[in-house]
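If you read the protein sequences in the order shown, they are chains A and B. For any residue, its number in the working numbering is found by taking its place in the first sequence, counting from 1, and adding 139. For any residue, its number in the working numbering is found by taking its place in the second sequence, counting from 1, and adding 35.
These are calculated hints, taken from the structure and not from any lab test. Incorrect hints may appear among the rest.
[Claimed, not checked] Here are the simulated EDC-like cross-link-like pairs (lysine to aspartate or glutamate), alpha carbons at most 20 angstroms apart as the crow flies:
1) A:806 x B:150
2) A:397 x A:381
3) B:171 x A:814
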Amino acid sequence: MINLSRRDILRSAGGLLLGFAFPISPEFLEYDPEGSPNRGPDGEWLGAYVCIDPQGVVTLRVPASEMGQGVHTALPMILAEELDLDLATVRVEMAPNSIAYAHPSDVGKTQLTAGSGSVRGWWGPMAIAGATARAMLVEAAAHRWGVSVGSCVTAGGRVTCGEHAATYGDLAAEAAVLTVPEASPKPRRSWRLVGTEPQRLDIPSKTNGAALFGIDVDVPGAVQATVLHSPVFGARLVSVDDTEARKLPGVIDVLHFKGSETGHTSDFVTVIADTFWHARVAIVSVVATWEGGRSELDDATIERELMDGLEHRGQLCKKVGARPPSVESGVTYQVPYLHHATMEPLTCTAHVHDDIVELWAPTQAQGFTERAVAAVLGVPHDAIVLHTTFLGGGFGRKSEVDFVVEAAQIAQAVGKPVKVTWTREEDFSHGFYRPAFGARLNGAVDSAGRITDLSVRLSGPNILTRFVPFLLDGLPFGFFVGENFFDLPYSVPNQRLEYNRLELPIPTGFWRSVSASHNGFFRECFIDELAHGAGVDPVQFRLDHLVDSPRHHNLVRRVADMADWDHRDGRFLGIAVVESFGSIVAEVAQIRVEDHLAGAGTVDGIVVHVERVWVAFDCGRCIHRGIIAAQAQGAVGMGLSVAFGERMSFSGGAAVTPNFYAYPVLKLGQMPEIEVEVIEGALDQPGGVGEPALPPIAPAVCNAIFAAIGERIRELPIAGQKTARGVIFV
Amino acid sequence: MPSFTLNSRPVSVEVDPDTPLLWVLREQFALTGTKFGCGVGQCGACTVHVEGVATRSCITTVGGVEGRAVRTIEGLDHPVQKAWIEEQVPQCGYCQSGQIMAAAALLDAHPNPDEATVADSMTNLCRCATYARIKKAIRRAADEMPQPIAPQPPPTSTP
Ligand code: FES
Ligand code: FES
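Okay, chain B solo, but in the shape it has when bound:
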């Protein structure tokens, strides 16, 4: 019986360990914020965090997250969500749980990503093409998030 941590709570579920995590979340736990888009790892609608890493749950088996920490959109409380509202990102909204999970994981790993890093990590599809506002929202969230203190170069001159 696969056991893991789901949105900070320990859970176990009676299901074949080969079942995709996506369907266990949606059908056994009724967490329908995580979406089915393609089932083959192509679209990212099913993105969740496994140990904080953005993971496509349609191609991740529930047995594969044994003992690990899984977070879904329902368990997320992250500055990107506020930025998503401020920038008015969603249109139909279907891909947005996955986009937000991907963006949150990106910013947690790279609090101040440059454009190329954003483009490389944000590969989820949005048929409504909300990408322009996704980029702005990621920028806004990055600006509002606490940045790690970088070592300052010694001052070369005093103004």
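Bound conformation, chain A alone:
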């Protein structure tokens, strides 16, 4: 956490500029946090996040990327709270890339927006920054007027005391020369802004076309480019015939690059043209020959490998109790690879000039990007100047560095600014997918309705392999694979968890809610199976096993009340509760099942409609209720999209899902009514908000389907699964 002794005013140029230096990892020791700012024309900002200028404008540099989750409103709210400002008057700027803006968590020390962690990580430092600035402004005013600090009042960007009044801007220069005090944030009872729901600061520009996304960056003199990678994962570029492409209108050049030795990029071809459209037309005429990869890999071989991984003993990850049962006679669950499908395709603008590499990118990962570009281009870290735009969706895909590194490589080669925009087809076929996973689960319930045994075997790729291959064996198991089983909230005396790691050439990565997106499904459906086997109501069964997990217990009770679970009267309901990223979410789905008519009056299956969803969301300390509710609705929508129909397909060693027509993203007409209750639980810390509402929806819907038709859905997506009444349609 924050080290108060290193708190520092970084520069006072007529205004008050406050920042904090954090203890940093050895890798960055060449950077001296207390030394003079060392970067570019903006250098004097380094490390600062609050600036009050002589005109009284308060600017907040937000270290986290805005990708829809509302962080460019939530963090300013915390500052505005402490500084007694009107939120609408705070100017928000995205911070540049700098270790000074590294996420203040104990691990990583990199500037990164991920893991539903921005408010969790930054609320403390932001509150202290605001409280410190306020204390200094008040002290400056008290000096000026010869009054006591305690007699001064702050409101609306002014300090007042009796007939004295001064704006923050007026006091900023005097405040800046004071010694930085030990200020503590307001007590909770004095909050007037945190916990309410003011309008988001980024929304007006998102209703008139003005918001600047990565794809909208327009650097004077820029050329346009698009890229082509090997369809087959892991193949190398053998030859390129660009004769036809070069004849096409607007084409400036066709270049190809070898994958970087650092592993950050693979071989690719790029067409550079005067417009994106010309580049896009021409790249179709490039004849590239690739060699290698695993061309026999397809959906069937992937499924076979997943299932093989369930057939033999895996790494033992958890063992509790005297006689952990074997999984052999258990039931098998399965989920497919998923794509992030951010609405904004991958894009980055790059310009290598004057010994710097200037980048404009919709990235979640300033820190990783800076390191990767420096390594691949062979330039020092502080040559990388990265401007982060709004992200048209991130969900983990934009925490990868590939699209930025490639743009930097192209810019270095062409010597001009270049904007690289991926086609949607490249975006789909070169993702870092949520891995497919299989699970086999077995359990036993005693005559009193208590689960005595639970054993689980997981089979699937580990997304960490790519990042820390050398650490895999030493890693505390559970990281991005075993969550939700490793830390089981249900009381079960005998538990066993095993894992078989698959090596497949398909790139995998962090996808909204990560492992909870599959383990939540496996676990919560299986708990329902055990409840049914024991003849106990699924809500009651959970409550019986959650006595030692009071937050879960409370939420299950609450969401059941919201849905009027005890009076179902022919409604088909399913429940699930899943914890992730410091928050817990319980959801109930209500579904309706109809016959699907094949025409001429014949029935060939059933249609599942999700009518209503109730969400009880315990995210600890709550900053902005409206944003939390919106994230919950959005995560339920995305989770439903996944549950209904999303699946990446593979053939010939390549991803063969080309565009949205083969990857059905949920539409407005399929969106159920969603009622969200944000419960400020016992935790005084904020929990995660962007991801945790996603995992419970798939199991809640599948459990509701069981209630309706008496059959278990153990594989996603739901569409296309076979039942006794035919295939399921959504």
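We have chain A already, so just place chain B with the ligands on it with the hints.
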């Protein structure tokens, strides 16, 4: 040289008439509020109005709008935009220009749409799944828009 009306101004542009309108708007006119999402008419991020009708500009050639009136989000001034702010619809915001253009065209054609009409005409994708608030914002805008005067049935009784 294709000529059309763009946000109420007559324009002409030197470009192959087969170029998708989307890229002419973004690259020749620097109107980047209209977004590229899929390029194949699937997502609606590129929705503009052509003669007031919501149209996917990635699959509409600039030659195809010769002599017609095109409106983009930058040229829109419509009650749905206010409703979008009041209901706090956007998350990442990337799809929202297209959503707003689709909603504005819907309400101009059906000032008081029922739920089924909204579902049938609002087929743009939103990966952030802001649909719940989109529905509310459309309802709110409809309630605030002037409604056409419908002929009143004769009163059957006087209270
Ligand atoms: S970009 Fe036009 S419909 Fe997707
Ligand atoms: S608001 Fe993000 S895609 Fe719609």
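Hint by hint, here is what the structure shows:
For the suggested pair residue 806 of chain A and residue 150 of chain B, the alpha carbons sit about 14 angstroms apart, so the restraint of at most 20 angstroms is met. A distance of roughly 17 angstroms separates the Cα atoms of residue 397 of chain A and residue 381 of chain A; the hinted pair therefore holds under the 20 angstroms criterion. With a CA separation close to 13 angstroms, the supplied pair residue 171 of chain B and residue 814 of chain A stays within the 20 angstroms bound.
The earlier numbered hints are all upheld by this structure, with none contradicted.
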